[in-house]
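Residues per chain are reported as follows:
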Amino acid sequence: MVLFAALLLAACQTTSGTHQVYPGSTGPEGEPLPPPPGPVDAQPLPPPLPVVPPPLPDYPKTAEQISGAAVTSLMKRARQYRQDGQPDQAAGTLERALRIEPRNYFVWSALAQAHLAQKNYAQAESMAQKSNALARGNIYVTLENWKTIAAARNGQGDADGAADAAAQIAALQARLDAAQPDTP
Amino acid sequence: MAVKSRSRLVILVSLLVLVASIGGAIFAGYLVKLDREIRERFAGARWALPAQVYAAPQELYAGLPLNSDDLVHELQRLGYRQDARLEMTGTYSAGAQHVDVYARGFDFWDGVQAPERLGVSFSGDVVTGITDIDKNQPLDLVRLDPMLIGSIYPKQGEDRVLIKLSDVPPLLPKGLVAVEDHGFYSHSGISIKAIFRAGIANLRAGHVVQGGSTLTQQLIKNFFLTSKQTWNRKFNEASMAMLLESHYSKDEILEAYMNEVHLGQDGSRAVHGFGLGAHFYFNKPLDELRPHEIALLVGLVKGPSYYNPRRNPQRATARRNLVLGVFRDEGLITDAEYQADIQLPLGVVGGRGGGVERYPAFVELVKRQLENDYKDEDLTNEGLRIFTTLDPRVQEVLETHIVEQLPEIEKSRKMKAGTLEAAGAVTSADRGEVLALVGGRDVRFPGFNRALDSRRSIGSLAKPFVYLTALEHPEQYNLETVIDDEPIELKLPGAPVWAPKNYDRQLHGPQHLYMALAQSMNLPTVRLGLSLGAPAVLKTMHEAGYDGDAKALPSIFLGAVDASPLQMAEMFGTIASGGFHASPSAIREVQTKEGKPLQRYPLQIKQVFADGPIYLLTWAMQKVMTIGTGRSAYSLLSPDTAVAGKSGTTDDFRDSWFAGFGADRVTVIWVGRDDNQSTGLSGSSGALRVWMRVMKDLHVRSLDNIPPASVEEVSIDPDSGLRADAQCVDAITVPYLSNAGPQDWAPCAAQGSQNGPMQWLKDIFGH
Chain A
0 MVLFAALLLA
10 ACQTTSGTHQ
20 VYPGSTGPEG
30 EPLPPPPGPV
40 DAQPLPPPLP
50 VVPPPLPDYP
60 KTAEQISGAA
70 VTSLMKRARQ
80 YRQDGQPDQA
90 AGTLERALRI
100 EPRNYFVWSA
110 LAQAHLAQKN
120 YAQAESMAQK
130 SNALARGNIY
140 VTLENWKTIA
150 AARNGQGDAD
160 GAADAAAQIA
170 ALQARLDAAQ
180 PDTP
Chain B
0 MAVKSRSRLV
10 ILVSLLVLVA
20 SIGGAIFAGY
30 LVKLDREIRE
40 RFAGARWALP
50 AQVYAAPQEL
60 YAGLPLNSDD
70 LVHELQRLGY
80 RQDARLEMTG
90 TYSAGAQHVD
100 VYARGFDFWD
110 GVQAPERLGV
120 SFSGDVVTGI
130 TDIDKNQPLD
140 LVRLDPMLIG
150 SIYPKQGEDR
160 VLIKLSDVPP
170 LLPKGLVAVE
180 DHGFYSHSGI
190 SIKAIFRAGI
200 ANLRAGHVVQ
210 GGSTLTQQLI
220 KNFFLTSKQT
230 WNRKFNEASM
240 AMLLESHYSK
250 DEILEAYMNE
260 VHLGQDGSRA
270 VHGFGLGAHF
280 YFNKPLDELR
290 PHEIALLVGL
300 VKGPSYYNPR
310 RNPQRATARR
320 NLVLGVFRDE
330 GLITDAEYQA
340 DIQLPLGVVG
350 GRGGGVERYP
360 AFVELVKRQL
370 ENDYKDEDLT
380 NEGLRIFTTL
390 DPRVQEVLET
400 HIVEQLPEIE
410 KSRKMKAGTL
420 EAAGAVTSAD
430 RGEVLALVGG
440 RDVRFPGFNR
450 ALDSRRSIGS
460 LAKPFVYLTA
470 LEHPEQYNLE
480 TVIDDEPIEL
490 KLPGAPVWAP
500 KNYDRQLHGP
510 QHLYMALAQS
520 MNLPTVRLGL
530 SLGAPAVLKT
540 MHEAGYDGDA
550 KALPSIFLGA
560 VDASPLQMAE
570 MFGTIASGGF
580 HASPSAIREV
590 QTKEGKPLQR
600 YPLQIKQVFA
610 DGPIYLLTWA
620 MQKVMTIGTG
630 RSAYSLLSPD
640 TAVAGKSGTT
650 DDFRDSWFAG
660 FGADRVTVIW
670 VGRDDNQSTG
680 LSGSSGALRV
690 WMRVMKDLHV
700 RSLDNIPPAS
710 VEEVSIDPDS
720 GLRADAQCVD
730 AITVPYLSNA
740 GPQDWAPCAA
750 QGSQNGPMQW
760 LKDIFGH
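These protein sequences, in sequence, are chains A and B. As numbered in numbering that gives the first Met the number 0, the first sequence has no gaps in its residue numbers, which increase by one up to the final residue, 183. As numbered in numbering that gives the first Met the number 0, the second sequence has no gaps in its residue numbers, which increase by one up to the final residue, 766.
Please note that a few of the clues may not be correct.
Restricting the straight-line Cα-Cα distance to at most 27 Å, the calculated cross-link-like pairs of lysine-lysine (DSS-like) are [unchecked claim]:
1) B:366 with B:192
2) A:146 with A:118
3) A:60 with A:146
4) B:32 with B:249
5) A:118 with B:220
6) B:595 with B:366
7) B:595 with A:118
8) B:622 with B:500
9) B:500 with B:154
10) B:134 with A:146
11) B:550 with B:538
12) B:592 with B:163
13) A:75 with B:595
14) B:134 with A:75
15) B:163 with B:220
Rather than coming from a laboratory, the hints here were simulated on the basis of the structure.
Whole structure, please, built from the sequences with the hints as guidance.
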C-alpha cells in the first residue's frame, strides 16, 4: 500500500498540472482512482503559429444582423436620442432593448457609449466589458468597446489603463488590417 | 311711574340691541373664519396623493415567446374584457392564432402611447406580428398599459386615484346626483325639503334613519368635520355648505365629491374616490365602467361597509339593482338595459384588493428602495408614479408553485398542514431586475417578508463560492483536480472541535473537483476551503454580493452564513451573468403625477470575476443538475434546456434551499419553518420541487455554453484525466482555462503510444 501510494504520488508530480492533489494530503484511500500512466518521454509541443493570418470569421458588423425588428427599432430610436443630446433617454431606450434581447452585444456596446456620453465612466467601462464578454471574439464590436474603454479611462484620469486599452485597440486594428485583403 | 317704566324699556331695548350687535359681530367673525377655512382647503392641492406603483408593461413584438392564451390571460389580468366589437379601450377579441386588442393609452416614462386597435398574430407559442388595425400598418413594438399594483399611502391612511369630471363616464355624475341629492343643481348648499323629509322619517322611527344632507354637506362633513351627530356640527356643516356654494361652481363641488367619497376599506387602507374605487373593485380605469358597475359604486356611497360587495354580495346586488332602478326612472338607461343589467353578476374582482395590494412582498421592496431617495411625505403626498420591474406573469408562476407545493410536501412527509413556510425570488440574469418576489406562503398577506428579512443559514449554497475561489487559481485547480474525501477535525481557539461530515455520513474516496460540487460533498469542500483560506472564500462571497457580517471561519465553507433569499438571488445572479454583479433592482423610473420624468434608475453592473473561472463553475453547476443533487429537475425540464444550480441543506434539515439559473432567469427558493425547527427536508426534497416547476413554467432559456476566449475545451480520458483522441471511447470534453489543461496524452490515445522523438513533426504537419 505504501509503495502504491508512493508510486501514485510520484506519478502525480510528473503529470504537469492535471491532477493537483490537495496539499498535505496523505494520499488517496478508500476508493482510489485508477493510477495515471507512468512518466512519458517527451511533451508534445503546442500547435505552431500559422505564418499567414487566417481570414477573419464572418462576424456580424452591424446590430441589424443579429437583432430582431423590435430591438433594431429601439436602437434607431436610441441613436436619435444620442444625436439630440439626450444620452439618458438613449440609455433608457437601450435598456428596454436589453430586456428583449439581454445578450445582444451590440446593444451593450451602444449602452456603454451612452454612458460615456454622460461621463458615467465606470459604467461605460463595465458595459463595454460586458459587451466584450458576450461578443465571443467579434472583432468589430470588440474594437468599438476598447475605444469606449480607452475614452472612459482617459476620462477618469487613468493614463496607464488608457494606454493598455490603446494597445488593445492597436492590436485589434492590426489584425483587422491584416485580414482585410482576404475579405472580398 | 310712566317715566320709570319708559326708561326701563329704553334700557331693555338698548341691552337687546347691544347683545344682538355683539352676537352679530361674533357670528360674522365666525362666518369669516369658516370662509377662510373653506377657501384654504380648496385652494391648491386638496388631497395628499399616495405614490402609484406599476408593474412592468407587457411588451409585444414579433418573436416574443407568448401564445394567444397567455396574451388573453395577461389582458384579463389588466381588466380587459372580451368584446368582438372593439368599441372601447380595454376590450379584446380572441381567435385561434390571433387576438385583436383595443389597447388603452398610457403615459410612459419615455413618451405617450395613444390608445390603438392592435391585431396580434401567433404561430404556436410565438408572436409573429403586430398590426395597427386602423392604419393597417405593421408595428415593430408596442406596450400594453402596465398594471397598477399598489400605492404608498401613510399608515392608517387614505388612498385615492384622482379623476377629472371631464374624464368620467357621464352616467356617473348624473346617476350620483339622481341617487344621493336629486336637487343638487338647484339648491344653495342645503335642502330644506330634504331636511323635512328626513326629519319626518326620523320622528316616525324614533331615531336617526335618514340624513337630509346634500352632496355639498356630505363633502363638507368629510373634509372638515367628524361624523359625530351633534346640533353644533349640523349647524357648522350647513353654514359651510352655503359658503362653499358661494365660492365654487356645482361642477367643481361634484368633482371634489367624487374624489373625496369613501368607498371601501382594505385593511388599514381607506379607499377614496371613484377613480380608485374602479380599480379596487373592478381592476380597470373608471372610463371603462359599464352601467351596472357604475351603479354598484354609486350604491356604495350609502354604506361602503354595509354594502361591501366582497363580504355581502347579496346586499350589494340588491342595492345595485335599486340604483339601476333610479337610473331607469330618471331616463339615464332604458328599461331594456335595466332588465339586462340587473341580471348581471357583480363583476367584482376577487381577493384582497384585486389588482391593487396584490403583491405585498414586492411592493415592500419597492418602498425600501424608494426610501433611499425620497422622503416619506414625497411618497405619500405627491402622487408620484413608480414604474417597477415586477413581471406579473413570472410572479404568478412563482406564487402558484409555492402555494401548491407546500401542502404536497407536507402531505408526503406527514407533517401538520401549515407547518412549512417558504420564500422565493426570480431575477433577470443579466440585469438583476427583480421580476417576482414571494415573502411567505400566504402570498397576499403583507406580513413578515421572508424574501427580504429572513436571514437563514445558506448551507451548501455557499459551496459554489468555495469552488469559484479555487477555479480562479488555474495553476493549482481545475475541474478535474482530485480532492480527498477524508475525515477532518478542526480545533479553533475558543471553540469545540469541529468535525464536519458528509450529508450521507459516508466517505467516497478521492473526488474530482466538479463531482465534489455536483454531489455537494462536505469533506472535500472543507479541504478545498482550508487550502484556499476562509478569508479568500469570504472575499469571493462579498464580491458576488453578500453584505452580511459573517466571520472568516472554516464553517463558512459549509454555509454558516446567514442571508435572505433575495441576497442569494443577487449572489447567484453574479455567476449567471458571467461574473458581473448587479444589485437587485425593483424600480426603473419615477414620474411626477403630471407624467414628467423625474428619475431613472439606470442599470448598473460591475465585473467582479473573470469570465473563465465563471464559465468553469457554471459547467460544474450544470453537473449538479445532470448527475448531482439537482438531477430530479430533469424529470420536468427538457433535456435540451441546460440549467445550472445548487441545492442547500442546513444542519438538522432546518432549511431547504435551491438556487440556480438558465440563460435569462435566476430563481431562488427557500423552504423551512418560522420556529427554525427541523423540517426533515433537504434542498433537493423541498425547495427543488418548487424551483423546477417555476423554471419549467417560465420556459427558462437554455445556457448557451459557448466558452469565452480564455477557456479551451479539451477532450480527456476520464480514467487518467489526460488528453484523449478519437481512440478513447469514453472521452469527455472538459473546459480548462487556456493553457491550464492537461498536456500529456492518455494511454488510450493513439498519440499516447506513439509519443516519440518524431511527434513534434506530426504535431506541426498534422496527422
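Hints violated by the structure (listed by number, smallest first): 1, 5, 9, 10
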